[in-house]
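Just need the whole structure built from these sequences, with the hints factored in.
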Amino acid sequence: MSFPVLNYEPVLLANIHKENSHTLAVYEAAGGYRALRKAMKEMKPDDVLATVRAAGLRGRGGAGFPTALKWSFLPKDHPGPIYLCVNADESEPGTIVNRVQMEEDPHQIVEGIILSAYATKSTTAYFYIRYEYPLSCQRMQAAIDEAYAAGFLGKNILGSGYSLDLFIHRGAGAYVCGEETGLIESLEGKRAWPRIKPPFPAVEGLFRKPTVVNNVETMACVVHIIDRGAEWFRSIGVPPNPQDPRDVGSLGPKLFGISGHVNKPGCYEAPLGITARQAIDELAGGVWKGRKAKAVIPGGLSTGLMSYDELDTPLDFAGPLKVGCLGLGTACLIVMDETYSMVDFLYNSCRFYAHESCGQCTPCREGTHWSMMIMERIKAGKGRLIDLEYLAEIGNTIGIIPGTTICGLADGAAWPIKTCIRKFRGELEDYIKRTNPTGYAVEVAVPALTGTNGKPH
Amino acid sequence: MSTTLAPHTDAFVKRYLSEEIRAAIEAFYPRYPSRRAVVLPALHIVNERLGYVPIEAVIEIAQMLELAPAQVQDTLSFYHFFPQDKPSGKFKVWFCRSLSCSCREGEVLMDYLAEKLGIHVGETTADGRVSLLPAECLGVCEFAPAMLVNDTVHKDLTKEKIDAFVEMVKAEKLGARG
Ligand SMILES: Cc1cc2nc3c(=O)[nH]c(=O)nc-3n(C[C@H](O)[C@H](O)[C@H](O)COP(=O)(O)O)c2cc1C
Ligand code: SF4
Ligand code: FES
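Respectively, the protein sequence lines represent chains A and B.
For the first sequence, the working numbering gives the first residue as 498, with consecutive numbering after it.
For the second sequence, the working numbering gives the first residue as 11, with consecutive numbering after it.
Be a bit skeptical, because a hint or two may be false.
[What the hints assert, rightly or not] Once the Cα atoms are required to be at most 30 Å apart in a straight line, the calculated DSS-like pairs of lysine-lysine come out as:
#1 B:96 / A:687
#2 A:930 / A:876
#3 B:24 / A:687
#4 A:786 / B:169
#5 B:169 / A:876
#6 A:761 / B:169
#7 B:171 / A:789
#8 A:876 / B:126
#9 A:930 / A:879
#10 B:24 / A:761
#11 A:573 / A:515
#12 A:761 / B:165
#13 B:165 / A:876
#14 B:126 / A:789
#15 A:687 / B:102
#16 B:24 / A:515
#17 B:171 / A:786
Think of the hints as simulated: they come from the structure by calculation, not from any bench.
See below:
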């Protein structure tokens, strides 16, 4: 099945090419805050939740968790406060789409936050944004200020009796702050050490109160679901498999970030379920320099590698899993052409996770550092074939999925290792043999190199 | 050593932060039900104004937020974001070394910039103009290779763009910070 990708009419990105798309005037002229007016006039919080449930919206932050289901875990009739935290940490390598939304259409996000806070009965929402997004932060703050002035935020929104405050909170350059409980700890003023779950945030989250953490793009989807209705949303993407009662499908529009060795890197909107090949060829103008793709990350570095032969995999919540990747993740692809070395890839990936591990769990702290040091040695021409076994062992044993760590950062570290060794073993072995012809078969312990080529880790 | 003053009591602390900084920090109090949540905003406020967060500032922030200095220092040290010994350079360069930038020669350009500045990656030039710091993905991968200089993203970097940046830095008159 193929989607007429280029004929698809964008919804989430409909405004971004307009002049001053970030201002309230331009947003409202295109129908902005229509959904909010409707909800404040005609809908109860539970109606908003029911509409989002009927639409089948799954969270865009990486795990694809059904949004209305997450909201429904909040305790009923809680005296409050209930908090909504919006996750704009976006630090997963390759991931750019939330930034484009914040810079070009911040009001769409603000409107989605107000609707979602209303549905969850939150009266305070925090917008947690990574520090390295100064323009996004500035545009979001300006949009929030405009929304307050227009009566969309603050006391008694549009005369509905509902009140909401929305505050920006800036991070400080740590990837683990994107993990929802790391985010909560960071917001509370502590080191961003993810919490052991349960309790889940819906029960005990920020300031020990019931809390929902949602991604920026999830918020934007809510606007269009309320505006156009659940049926419209369900008409886009991949419907649930009728044979599988547990499948909830992959519905709605999705933003795809595409970077690496392509002709037109950028942020694009398409229905969930386009193939990786369509994304690369039809959206991003194909692989650069007339070359062929060797390996593609389907959704942020954590999701691992797809090989060239796997590029017809649909980019929906189930697709990348079928070829052994962690999942759809953030749907941000990184394309590596046929000349790019998988040794460089794996070294870069291992270094990232070693740098970003928060250090609480021994398998993650030690596993990520050892994998980086092993890759450093291999890269320096001192690798042995047995190193690949060590790497595979690390890859197979760290993470929530094998059950050895608190958060999913370690799974993110593991999947690039596992998929690279499984799918590109030949290339890794050839490199080791070629660069270490006399030592590649050695199996006794050898010392680690010190420092990352003399650079700080 | 007979005094038993805890370091965060009023008597110990000579005011280190300006009234402007203290007021900026206090403006965050109403946003949160807990003072401790103001730690990161406070660290940013100090860092943005002074270029670093010396221990005196940590102690005073702790006092303002009714925390022990160790609690503030604990948070600060987690992020590797707030220098404490000396202010970072007037131009704070975060150079991306993650995958999308690296596979478009980002790290080669980072080394080139370091060489032109006569420093190692991670250091500040002797004249205090430029700090060159390695960064993980800056979230601007479609413009790889990229670096963030203070609040400005430098996109689609080439040797020529690095050369022009270094020229610009040299020509810049150095006034007082912020
Ligand atoms: C290490 C790590 C980093 C994460 N970073 C982000 C992030 O930057 N943005 C985000 O929305 N979700 C991130 N997540 C996922 C969040 O934990 C959470 O699932 C998500 O924000 C929920 O939003 P959603 O339900 O709208 O998808 C991260 C998870 C892990 C394990
Ligand atoms: S898995 Fe890694 S990042 Fe997550 S809590 Fe454990 S040590 Fe920290
Ligand atoms: S990899 Fe450099 S900005 Fe994302």
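Hint-by-hint comparison with the structure:
A hinted pair counts as satisfied when its Cα atoms are at most 30 Å apart, and residue 96 (chain B) with residue 687 (chain A) qualifies at roughly 24 Å. Simply put, residue 930 (chain A) and residue 876 (chain A) have alpha-carbon atoms about 12 Å apart, close enough for the 30 Å limit, and the pair holds. For the suggested pair residue 24 (chain B) and residue 687 (chain A), the alpha carbons sit about 26 Å apart, so the restraint of at most 30 Å is met. For the hint pairing residue 786 (chain A) with residue 169 (chain B), the CA-to-CA distance comes to about 20 Å; that is within 30 Å, so the pair holds.
Proximity of residue 169 (chain B) to residue 876 (chain A) is assessed by CA-CA distance (about 25 Å); at most 30 Å being required, the pair is judged to hold. As the CA atoms of residue 761 (chain A) and residue 169 (chain B) are separated by approximately 21 Å, the hinted pair is consistent with the 30 Å bound. The straight-line distance between the Cα atoms of residue 171 (chain B) and residue 789 (chain A) is roughly 29 Å, inside the 30 Å bound, and the hint therefore holds. Taken as a hint, the residue 876 (chain A) and residue 126 (chain B) pair is honoured in the structure, with Cα atoms around 26 Å apart against an allowance of 30 Å.
Proposed proximity of residue 930 (chain A) and residue 879 (chain A) is supported: the alpha carbons are some 9 Å apart, at most 30 Å. Under the criterion of a C-alpha separation no larger than 30 Å, the hint pairing residue 24 (chain B) with residue 761 (chain A) is inconsistent with the structure, at around 56 Å. The suggested pairing of residue 573 (chain A) with residue 515 (chain A) is violated, with an alpha-carbon distance near 42 Å, which exceeds 30 Å. For the proposed pair residue 761 (chain A) and residue 165 (chain B), the alpha carbon gap of about 14 Å is at most 30 Å, so the pair holds.
For the hint linking residue 165 (chain B) to residue 876 (chain A), the alpha-carbon distance of about 28 Å falls within 30 Å, and the restraint holds. Straight-line distance between C-alpha atoms of residue 126 (chain B) and residue 789 (chain A) comes to about 35 Å, which puts the hinted pair past the 30 Å bound. Proposed proximity of residue 687 (chain A) and residue 102 (chain B) is supported: the alpha carbons are some 25 Å apart, at most 30 Å. The straight-line distance between the Cα atoms of residue 24 (chain B) and residue 515 (chain A) is roughly 53 Å, outside the 30 Å bound, and the hint therefore fails.
For the proposed pair residue 171 (chain B) and residue 786 (chain A), the alpha carbon gap of about 22 Å is at most 30 Å, so the pair holds.
Hints 10, 11, 14, 16 from the list above are not met by this structure, while the remaining hints are.
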